[in-house]
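Trainee: Starting from the structure of chain U, add chain V where the hints point.
Residues per chain are reported as follows:
Number of protein chains: 2
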Amino acid sequence: MEDDRISLAHGNGGRFMRELIEEVFARNLVDSDLDIQADAVPIALNGGEAMITTDGFIVQPLEFPGGDIGSLAVHGTINDLAVAGARPLYLTLNAFIEEGLEIALLDRIVGSLAKAAKDAGVKVSAGDTKVLRRGEGGGLYLATTGVGVRLAGVRPAMNRIRDGDIILISGTVGDHGTAVMLARQDFGLRGDLVSDAGPVTELTESLMDFDGLRFMRDPTRGGIATIAHEIIRATGFGVRFEATIPVKEQVQSVCDMLGYDPYYLACEGRVLAVIAPEQADEALEAWRAIPGGRDAVRIGRIVSNMNRVILETTLGGERFLEELEDDPLPRIC
Amino acid sequence: MEDDRISLAHGNGGRFMRELIEEVFARNLVDSDLDIQADAVPIALNGGEAMITTDGFIVQPLEFPGGDIGSLAVHGTINDLAVAGARPLYLTLNAFIEEGLEIALLDRIVGSLAKAAKDAGVKVSAGDTKVLRRGEGGGLYLATTGVGVRLAGVRPAMNRIRDGDIILISGTVGDHGTAVMLARQDFGLRGDLVSDAGPVTELTESLMDFDGLRFMRDPTRGGIATIAHEIIRATGFGVRFEATIPVKEQVQSVCDMLGYDPYYLACEGRVLAVIAPEQADEALEAWRAIPGGRDAVRIGRIVSNMNRVILETTLGGERFLEELEDDPLPRIC
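Respectively, the protein sequence lines represent chains U and V.
Position 28 of the first sequence, counting from 1, maps to 28 under my numbering, and the rest follow consecutively.
Position 138 of the second sequence, counting from 1, maps to 138 under my numbering, and the rest follow consecutively.
Hint data in this document are derived by calculation from the structure and do not stem from the laboratory.
Backbone N, C-alpha and C define an ideal beta-carbon position, used for all residues, glycine too.
Just to be clear, a hint being listed does not mean it is correct.
Stated by the list, open to error - If you want the ones that stay clear, here's a sample from chain V, every Cβ over 12 angstroms from chain U, calculated:
1. 56
2. 242
3. 255
4. 295
5. 322
Claimed, not checked - Output of the computed footprint for chain V on chain U, the stretches with three or more beta carbons under 8 angstroms from beta carbons of chain V:
6. 84-94
7. 157-164
Just chain U, with the same shape it has in the complex (with noise of 0.2 angstroms):
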């Protein structure tokens, strides 16, 4: 890889990406105050606060099982208002067109991206469009900020996290990358995994009134291996996630069979929440009670004692789950 130009790692969740957007974002907007910890952040208006929050997609094919870009890119931008404790209420749209795009695909995922924000209570306010020339894009690209209003409850954040606290996950994981990777057919690979694509809204509104709720993310790019990664950055502590990650066995063929590892595959409608220990049973009482949480469960705790993210195999063992470098899979979302 050269050095001084962008390469696809720096676009896949992890350590190249995080670089990238520390050296280059985050260093020259020193004076925006850029939160780039925060899902959406809190901006001022009129005397009062809503949250707002930004993301692009690129996935491939823009069609795929269980959704398509639209629909993802509404998912994606209101799950990440969503986790960081606030109601989508407005959506802006961009999209960059690729010249010979067929206006029937084109129409299918508008409409789609539509009902998906019609589903979720969202108006799409404002719009733009470019056409890229031929050989230029990729089809098809979205943009999509979404705004919204803090819920009343806890603010959760990365740094309420404490020593000993529990780790949740609403489902299982990798079943988006899996089913887009599946869908692309790069591998000559076929099956009928269906991406978990969709609103987590119900999931996240639901702890809403656990005051020993710490944190939630939604997995998408680098998996729960990344947020984890984020975690310790953050806060100094260790992830220690228990044998008990719910991965569906298609995702884990598909896993064994490529060499990936499930931890790091994106999902997009799943939620990882950080929970005080003595609230931790209750929550996944409340997640259980909702169709998006049937299979929520207990997948790990924070430890103080090691500043790392290690993995307990079932076989009793453990291993490192060491911050994501190379092998990515472009266009995952």
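Mentor: Relative to the frame of chain U, chain V by itself:
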């Protein structure tokens, strides 16, 4: 042109782009009450109101005389808020970066964006980066969403326009489009022309106390001719441009050579305003007292006897300016 696929003309600001936005975006997003005529729209938040807009940027080359894609993204976005009578406060930033882009170039562009934001008093609150595979991008695309608050005073909007109103422009037209074309060297031409790209907030705020102010817009893709067509479609009136539209000699020369019409070329730091006749002179004086408005001039009027865009020529003749169809200048903004 194939009817069922996206063409470059779908991005040029003219008829095909309008039809694409009406038929694919607005039709699908009907539940969002999307106002495709407005530069920025109000959103209700916490009992108050904010203004929001969004814009994508694909200009090529990434750096050009007078700016770069970073500063252009800031100016283009805050200007859409400004002409809607709002003060810009926050931006979100999406960067789509092509594999292989020099990190030093990216760093210059983000630095330029940060400076433009700081100079304009706006904070970059949230951001996201995606990396595009080599050959699936054009170096760098940006998408920015701007949030601001409405200024006290009039609420400029197209439906305020009346028969006999006067049209003003804050400076010469077509500088940005021509400067970018020259920088691209597609045509073997060179020149020392500089883009007009810059903030228009001083210009727009200086007119907010004029109760006769009807409407403002920054003429970007499609130029002032396209704004005129938007006015006649929205109001049913006609637009009569006088032979006073200021065009720099070098812009006119390039246009003559290439067969372009400067009235369709993009500006990125000008304001076209429509104002009641009795306040037009005073508004012009207000603009001329501002550095960005020194060359401000009256360029036409709203008429009711004809639903067309007419240009009076210096020789006393007149011709129609039709809605832009083909002849796109791709990647001009």
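Trainee: Hint by hint, say whether it matches the structure.
Mentor: Now for the hints, and whether the structure bears them out:
Chain U draws residue 56(V) into its interface by the beta-carbon criterion, the shortest separation being 4 angstroms against a cut-off of 12 angstroms. Residue-level check passed: residue 242(V) sits 31 angstroms from the nearest beta carbon of chain U, beyond 12 angstroms. The non-interface label for residue 255(V) is consistent with chain U: the shortest C-beta to C-beta separation is roughly 23 angstroms, beyond 12 angstroms. Every Cβ of chain U is farther than 12 angstroms from the Cβ of residue 295(V); the closest lies at roughly 28 angstroms, confirming the non-interface assignment.
No beta-carbon of chain U is positioned within 12 angstroms of the beta-carbon of residue 322(V); the least distance is around 21 angstroms. Evaluation of the coverage hint for the stretch 84-94 of chain U: fulfilled, as 5 residues show C-beta separations to chain V shorter than 8 angstroms, against a requirement of three. Given as covered by chain V, the stretch 157-164 of chain U fails the check, having 0 residues with a CB less than 8 angstroms from a CB of that chain where 3 are the minimum.
Consistency with the previously given hints fails for numbers 1 and 7, ordered from lowest to highest.
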